[in-house]
Amino acid sequence: MAERVFNLPDLGEGLEDAEIVDWKVSEGDTVELNQPLIEVNTAKALVEIPSPLAGRIVKLHGAAGDVVEVGAPLVTFEAEAGTPPSAETDAAAAAGQKATGGDGQSKREAVLVGYGVEEGAGAGKRRPRLKPPGPRKAPAAAAEAAPASETAAREVKATPPVRRLARERGVDLATITGTGPEGRITREDVLGAESAPAASSEGERVPVKGVRRMIAEKMARAWREVPHVTTFHTADATHVEALRRKLTGESGTKVSALAIFVRALVDVCGRHPKLNSSWDQDAHEIVLKGKHHVGIATDTERGLMVPVVHDAGDKGISMIAAEIAELVEATRAGKATLEQLTGGTITITNVGTYGSSFGTPIVNIPEVAILAVGRIEDRAVVKDGQVSARPSVTLSLSFDHRVLDGADADKALTDLREILEDPERLGALPS
Amino acid sequence: MAEVTMAQALTQALRHTMVEDDRVLVLGEDVGKLGGVFRITDKLQDEFGDERVFDTPLAESGIVGVSIGLAMAGWKPVPEMQFDAFSYPALDQVISHLAKYRFRSADTMSMPIVMRIPCGGGIGAAEHHSESPEAYYAHTSGLKVVMPSSPIDAFNLLVRAIEDPDPVIFFEPKGRYWSKESGDLEPNGLPIGKSRVVREGSHGTLVAWGGMVHRCLEAASAAAEDGVELEVLDLRSLVPLDVDGLVASARKTGRVVVVHEAPMTAGFGGEVVARVVEEAFDHLEAPVLRVTGYDMPYPPATVEEHYLPSVERILLAIQRTLDH
Amino acid sequence: MTAVEQPKDAIRILNPDGSVADREARESLDLKEEDLRALYRFMALARQVDIECTALQRQGELAVYPPLIGQEAAQVGSAYALAEEDFVFPSYREAAVALVRGVDLVEYMHFHRGTRHGGIEDPIGKRFAEISVPVSSQTLHAVGWAMGARKDGANACAIVYFGDGATSQGDFHEACNFAGVFGAPVIFLCQNNGWAISVPLARQTAGPIWKKAEGYGFPGVRVDGNDVLATYKVTREAAVRARSEHMPTLIEAVTYRMGPHSTADDRSRYQPQVEIEAWQELDPLVRYRKFLEAEDAIDAAFTEQVESDAKDLAASIRKGIAGAPPLDVREMFDWVWGDLPPVLKRQRDEVASLLEEAGDG
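Protein chains in written order, with the working numbering: chain C, 13 to 443; chain F, 240 to 563; chain H, 55 to 415.
Because the hints were derived from the structure by calculation, they are not lab data.
Treat the hints with caution; some may be incorrect.
[Said to hold, decoys possible] Partner residues are not named here, just some residues of chain C that face chain F (Cβ under 7 Å, in silico):
| hint | residue |
| --- | --- |
| 1 | E25 |
| 2 | E28 |
| 3 | L142 |
| 4 | P144 |
| 5 | P145 |
| 6 | R175 |
| 7 | G195 |
| 8 | R199 |
| 9 | A440 |
| 10 | P442 |
Don't be surprised by glycine CBs; every beta carbon is placed ideally from N, CA and C.
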């Protein structure tokens with residue numbers, strides 16, 4: 013014995029409901045197949061409905077005068093064994109699950125041979141989920157800007173392919189002036205807007221291209237890959253100053269202190285070769301460079317560039333000074349050759365030029381050490397218990413801690429300081 | 240304000256015009272005593288007599304041809320076709336004469352005839368009872384083609400159609416005959432050729448007419464659950480087409496999906512797409528799509544749900560426009 | 055308003071009370087006793103099927119059903135008169151004809167369930183055209199088939215069924231005209247059941263239906279459509295006339311629509327109860343049974359067997375129809391043309407993928 017619910021069928025081409033006029037049976041009655049059950053009134057006619065099966069009536073759903081919706085239960089039977097299945101009563105079991113829509117409201121199932129006045133049959137179907145369209149604006153713009161720019165973009169003229177391009181590039185159409193016919197935004201307009209500085213709410217945006225971009229990338233890489241440590245030594249620069257004045261007088265041209273530091277550094281590298289090397293990550297080897305090619309960090313309009321004094325160990329201080337001046341001029345004029353700009357083994361940066369006392373320079377990979385020379389300035393020093401004013405310079409050595417330890421770096425810097433403070437050793441450097 | 244069904248609204252429109260103008264006639268199969276198979280002419284014969292509301296022999300071509308003659312004798316016939324597909328025998332009278340008479344007479348006379356045709360599927364009917372033939376009529380110059388989607392519109396548009404001196408093919412989506420709406424059945428001056436934004440939205444527009452307007456509203460409700468706000472535009476008349484209304488909505492949302500029951504190929508949806516592309520191209524974010532019946536004869540009732548545009552298919556089309 | 059009685063010029067063999075009205079005609083019939091019993095059996099089966107199908111519609115198993123109750127004699131008598139090679143063109147109310155012609159009624163009723171259009175698998179093989187809904191349109195098809203058969207020198211005729219309403223349609227007149235001009239071997243069988251939905255005969259046509267044939271150059275005959283023997287006789291004669299003389303015949307079988315136009319029709323609005331009751335007295339089964347009993351052609355065992363067979367047939371239709379699943383809509387894309395063009399293939403693929411996603415694939 014199975015319980016079967018008989019739903020009200022659509023009795024005439026798209027009817028939605030029917031009014032119960034008269035029950036011909038009572039609950040508890042046993043009925044035969046096709047025995048008259050009920051008389052209902054539809055929008056079209058008075059209709060008598062015969063029983064769809066033989067069995068006992070368990071429940072009558074509704075009383076005379078009630079309006080029943082097509083697809084809603086009319087009679088619950090206890091069907092006799094062997095009762096053949098029917099769309100109407102078997103659908104009820106399935107309808108019990110499907111008849112309720114997502115919002116709890118009962119939706120009509122397909123109750124009659126494929127009908128559905130409501131989209132009842134679709135109620136159980138898969139429903140595609142949608143994503144609202146993303147706002148078409150520059151990615152970092154504030155969220156509040158979105159609705160305004162969405163509406164504004166709707167107003168401008170741009171063909172569908174151009175709109176798509178703008179979407180993909182994150183360009184806000186509302187901020188572009190179209191150069192096409194009737195002010196239409198063209199493909200070129202979108203591409204142009206992409207590289208032009210665009211006003212945004214957090215400040216002016218400056219595009220980074222070319223050399224600057226390369227520098228930025230190299231700096232980031234150096235920072236990422238090289239474990240930086242910087243060690244600082246301060247040296248008495250009295251004798252450096254004296255030598256500088258002497259050499260300037262002798263050569264007739266200005267000899268910078270920088271040239272002295274370069275030559276002295278090269279000398280130190282001779283005794284501390286690891287300073288002048290590079291780190292081979294793949295082979296896990298330190299490559300000790302035989303020659304000394306010193307890069308001179310130079311500030312140019314286009315950004316930081318490092319021309320190289322090749323074979324500085326073979327050159328005297330005056331020659332190095334002249335070469336530095338030449339290289340800097342050429343580099344700033346954009347005329348330095350590739351050879352002049354490459355091949356360095358160690359770099360020196362004269363941070364003192366802009367007034368800095370010391371610094372923490374970033375190693376110019378693939379080198380392992382960079383020396384920042386601060387400003388030569390008078391400082392109060394203590395010597396033999398006495399305070400006096402002496403020209404003084406701080407030497408900052410940043411190094412790759414994979415290659416050099418603190419001890420290595422300090423020993424090298426100590427060596428350098430000793431040369432700079434010893435007039436004899438200083439004077440022994442090739443001039 | 241009472242609730243009325245579309246069927247009742249149409250009955251009242253006929254009653255109203257027959258009271259206002261005693262030249263209006265209602266004729267067709269079973270429109271008299273029976274009141275029409277859908278009860279649209281219910282009790283009109285009792286009220287206006289059988290000289291003004293009368294049954295005809297079973298002959299559609301005869302009904303329309305005779306209506307043409309009646310019009311030439313100064314009457315205003317409102318012939319009823321019993322079902323969409325049964326209007327086909329009359330196509331010769333419609334296309335060869337009804338549509339052409341004003342033109343043929345160099346504008347000296349017109350055909351003030353409204354041909355009422357129940358159309359559309361989704362009611363589990365037998366073959367030939369579920370067609371959407373609007374394209375055949377829309378393609379015939381000289382005819383106006385109207386299809387309301389809701390009761391109050393149905394009332395106003397039928398009143399207006401009967402007042403129109405030109406022939407109007409008045410389609411009534413039979414699946415919506417028993418749909419209800421609250422409102423007054425007093426003419427509000429609604430002209431033919433004006434579309435209606437039934438639901439406002441900004442992310443996309445669903446364009447439809449007749450029975451599919453309701454389906455589009457269901458789709459829009461579903462989309463709203465995901466935060467996608469769809470505009471639903473009820474064209475109300477296919478000829479003349481409210482191009483301004485269509486273009487305004489296309490410009491507003493940038494994404495358009497046209498929905499109709501009739502088969503895709505050469506369906507009226509193609510006309511809508513063409514107009515949108517012609518007039519709103521520079522405001523479109525995505526291709527203009529159609530969700531329609533398939534290119535087959537209307538299938539048997541037990542599978543019609545797979546043929547008719549479903550909420551799912553409409554949402555998939557919208558998804559395509561959003562992803563573009 | 056339809057005349058309650060049969061018109062006087064209607065051919066009749068049996069009176070409503072079962073007595074023989076035309077003895078000579080009765081004797082001339084080429085029917086054996088087993089044929090006489092078969093005629094009754096078919097009518098009884100048809101009636102039971104009709105009642106069952108109306109119930110099935112009320113129970114939601116059929117979408118719409120157009121009952122033929124009251125018209126059994128017109129359909130069975132005429133169908134029984136056909137030869138095997140004859141071709142039947144029905145309208146939408148000829149389930150009794152289908153029964154006589156050996157069409158599977160479960161297959162036929164699937165039309166009314168909305169499973170498939172047409173109702174007939176293999177119309178050419180079964181010599182039974184698909185159910186035709188547009189009124190009178192099938193009359194032209196019948197004439198065309200008859201013209202084609204004649205070109206092949208076939209010894210066969212076509213019969214086309216339609217109602218009184220159909221005689222108002224242009225197609226009917228064009229068909230008659232073609233038939234007359236081309237000498238098509240066709241029988242026009244009009245079941246004048248008094249009503250075309252709510253329009254009575256008097257509002258349908260002003261002249262007698264059977265006389266319309268004269269205008270087209272071939273004989274028309276009016277028969278008592280509730281007299282199965284008379285209907286058989288005139289159809290038999292028309293078939294001979296068609297095959298041997300290539301002459302059409304218009305048969306007006308006067309009968310009555312005892313039920314509504316269809317299960318979607320409310321006939322209480324227009325069909326007078328007194329009229330229905332009057333025609334009850336002219337019931338084709340009752341009169342014929344009385345005749346058979348008077349002739350000693352049947353006994354209680356026979357009628358009980360027929361009743362049992364009728365219930366079995368009704369039950370088998372219920373079994374085949376109730377709960378029957380829909381066909382696969384994907385297959386229907388192949389039914390449009392002989393091949394499957396790309397645009398249709400795409401549409402079918404779309405339906406297929408939607409069905410698969412829904413788990414119905």
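query: Which numbered hints are broken by the structure, listed smallest first?
result: 7, 8, 9 and 10
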